[in-house]
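Listed in order, the protein sequences are those of chains A, B, C and D.
Under numbering that gives the first Met the number 0, think of the first position of the first sequence as 0, with each following residue one higher.
Under numbering that gives the first Met the number 0, think of the first position of the second sequence as 0, with each following residue one higher.
Under numbering that gives the first Met the number 0, think of the first position of the third sequence as 0, with each following residue one higher.
Under numbering that gives the first Met the number 0, think of the first position of the fourth sequence as 0, with each following residue one higher.
Worth flagging that the hints you see were computed from the coordinates, not collected in a lab.
Please note that the accuracy of each hint is not assured.
With a straight-line Cα cutoff of 30 Å, these simulated DSSO-like cross-link-like pairs (lysine-lysine) come out [what the hints assert, rightly or not]: (1) D:1 <-> A:70; (2) D:86 <-> D:1; (3) B:6 <-> D:70; (4) B:40 <-> D:70; (5) C:1 <-> A:70; (6) C:1 <-> B:70; (7) D:6 <-> B:40; (8) B:70 <-> D:1; (9) A:40 <-> D:70; (10) C:40 <-> B:40; (11) D:6 <-> B:70.
Here are some, though not all, of the chain D residues that point toward chain A, as calculated from beta-carbon distances under 10 Å [said to hold, decoys possible]: (12) 7; (13) 10; (14) 27; (15) 103; (16) 107; (17) 118.
Think of the CB as a built atom: it goes at the ideal place given N, C-alpha and C, for glycine as much as any other residue.
Next come the chains, spelled out residue by residue.
Protein chains: 4
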Amino acid sequence: MKTYLFKIDFLVRDYECDLQGIVNNSVYQNYLEHARHQFLKTVGLDFSLLFQQGITLVVTRAELDYRWPLKSGDQFWIGLNIHQTSKIRYQFHQDIYNRNDQRLILSSIFTATSLNDRGRPQSFPQIQEALTCTSSPDQSE
Amino acid sequence: MKTYLFKIDFLVRDYECDLQGIVNNSVYQNYLEHARHQFLKTVGLDFSLLFQQGITLVVTRAELDYRWPLKSGDQFWIGLNIHQTSKIRYQFHQDIYNRNDQRLILSSIFTATSLNDRGRPQSFPQIQEALTCTSSPDQSE
Amino acid sequence: MKTYLFKIDFLVRDYECDLQGIVNNSVYQNYLEHARHQFLKTVGLDFSLLFQQGITLVVTRAELDYRWPLKSGDQFWIGLNIHQTSKIRYQFHQDIYNRNDQRLILSSIFTATSLNDRGRPQSFPQIQEALTCTSSPDQSE
Amino acid sequence: MKTYLFKIDFLVRDYECDLQGIVNNSVYQNYLEHARHQFLKTVGLDFSLLFQQGITLVVTRAELDYRWPLKSGDQFWIGLNIHQTSKIRYQFHQDIYNRNDQRLILSSIFTATSLNDRGRPQSFPQIQEALTCTSSPDQSE
């Protein structure tokens, strides 16, 4: 099992399942976003407050590998690691595991950056500092 | 068939169906909100722009009677009427019909009001004027 | 404070907030559905399994009074009571409270029934028995 | 401008926007799924009916490049091409464009396959035939 910087538990809710009786593909992005935002809070960054301050965190690329479905009532957890890939670019590596049998459900990589209030990519010291302690550019997974 | 001030067509999308293979209860609120906002545009009111101007339109009460389910691929339409019930309060009467057989799917009443930037109910002339032409306090359905 | 048969804790997730920065009206139905389904599990009824057995639990009417908004990061809880109103009809009374200040956010009543595999309302002993111990027809709130 | 096998028009609905006032990342997956399912109907394949017949179409990988946001009221269209990459694997190349200025909003690649009723990848003649006429293994974009 890989080691993760941050872990968070979830439970599938019935409204998240689609007509195939499994969690709809798009819902995983909801889970993964919530995991990222909860992680950010642990390093002192609040997605919503940052936005009110004119700093917009955005995803520029998402890669999701769907390995196995989740279904009604499943308990699962998300593991997260973060790597800085440029001055203003971070990669979140996030994996979802079924909590019952630890089966890998999904692996994903989200590339994110920060925009200023004119919508341009910009580096902000508070983000740099908060994330530097947790990531390293040369760290291999 | 009742007459409506405003009508709008929709198509059920597969991701809107839940594990019972029918449109999830909460999704009807999405349909009905979109219908209200599209209606508001026809009288010159834009929900998003109003919010940017400090005017927040909010729903204070929703009543939904679920008569018959919608399922994958169903085409349907929403009919809307509006009644002013006080100086700052409006009721949207919205019904959903299957487009194929005109069967009534759902009937609903949404009570809405406008808040100022301190979160207090307030009457705004631009809303009053836009909606007055379309509703009447004493109008029975 | 009212007493409730069942309580469940939630946390607002950022993707549940809309362009007004508050939880979208329809999302409350998701919360309330999840609370009902989790309550049903405590009395031995599984919404998804029942459906696989040909028993469809459906909402026939929803009434929601929106008192105060929830926003990013808010912690809240839902209290639930249930009343049998006819042989095949149950009412769920569900209230949402902010966990920080116990402010009432929303109160709601959902009327539900059970359908057989031909879509007709039908009473099922396993549902009757599971819910009888928790509700009473003549109980006033 | 690339040429596409299939195009479909959409309108951003306000409930699809999040607290940043732009369409939430996960919602694009909803749009793209609906576009794929509508395309499949044009070649005689119905996602929901196939599932009822024991054929489950699933996404195994998604790549999404977010170029520019969509916001309240934006009209946009999705262009779709399909490539068969193995006996049981198809790639959907899907791009989203703002209808007003034809700006590229998002480009994506979805890899999909078909599962039998035991959850194993399997080739089905009806899918092969329906999709063969529209895709070619060696076709470069």
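Checked hints:
Taking the CA atoms of residue 1 of chain D and residue 70 of chain A, the gap is about 38 Å. The hint is violated against a cut of 30 Å. Restraint check: the Cα-Cα separation between residue 86 of chain D and residue 1 of chain D comes to about 26 Å, which is no more than 30 Å; the hinted pair holds. For the given pair, residue 6 of chain B sits about 24 Å from residue 70 of chain D by alpha-carbon distance, which is consistent with the 30 Å threshold. About 16 Å separates the Cα atoms of residue 40 of chain B and residue 70 of chain D, which keeps this hinted pair within 30 Å; it holds.
Taken as a hint, the residue 1 of chain C and residue 70 of chain A pair is broken in the structure, with Cα atoms around 34 Å apart against an allowance of 30 Å. With a C-alpha separation of about 38 Å, the suggested pairing of residue 1 of chain C with residue 70 of chain B is violated against the 30 Å cut-off. For the hint pairing residue 6 of chain D with residue 40 of chain B, the CA-to-CA distance comes to about 26 Å; that is within 30 Å, so the pair holds. At most 30 Å may separate the alpha-carbon atoms for a hinted pair to count; residue 70 of chain B and residue 1 of chain D exceed this at roughly 34 Å.
About 26 Å separates the Cα atoms of residue 40 of chain A and residue 70 of chain D, which keeps this hinted pair within 30 Å; it holds. Restraint check: the Cα-Cα separation between residue 40 of chain C and residue 40 of chain B comes to about 44 Å, which exceeds 30 Å; the hinted pair is violated. For the given pair, residue 6 of chain D sits about 24 Å from residue 70 of chain B by alpha-carbon distance, which is consistent with the 30 Å threshold. The beta carbon of residue 7 of chain D comes no nearer than 17 Å to any beta carbon in chain A, farther than 10 Å, and the hint placing it at the interface is violated.
The beta carbon of residue 10 of chain D comes no nearer than 18 Å to any beta carbon in chain A, farther than 10 Å, and the hint placing it at the interface is violated. At a threshold of 10 Å, the smallest CB-CB gap from residue 27 of chain D to chain A is about 8 Å, leaving the interface hint in force. For residue 103 of chain D, the suggested interface contact is broken, since its CB lies about 13 Å from the closest CB of chain A, more than 10 Å. Here the hint on residue 107 of chain D is kept, as its CB sits about 9 Å from the closest CB of chain A, short of 10 Å.
The beta carbon of residue 118 of chain D comes within 8 Å of a beta carbon in chain A, closer than 10 Å, and the hint placing it at the interface holds.
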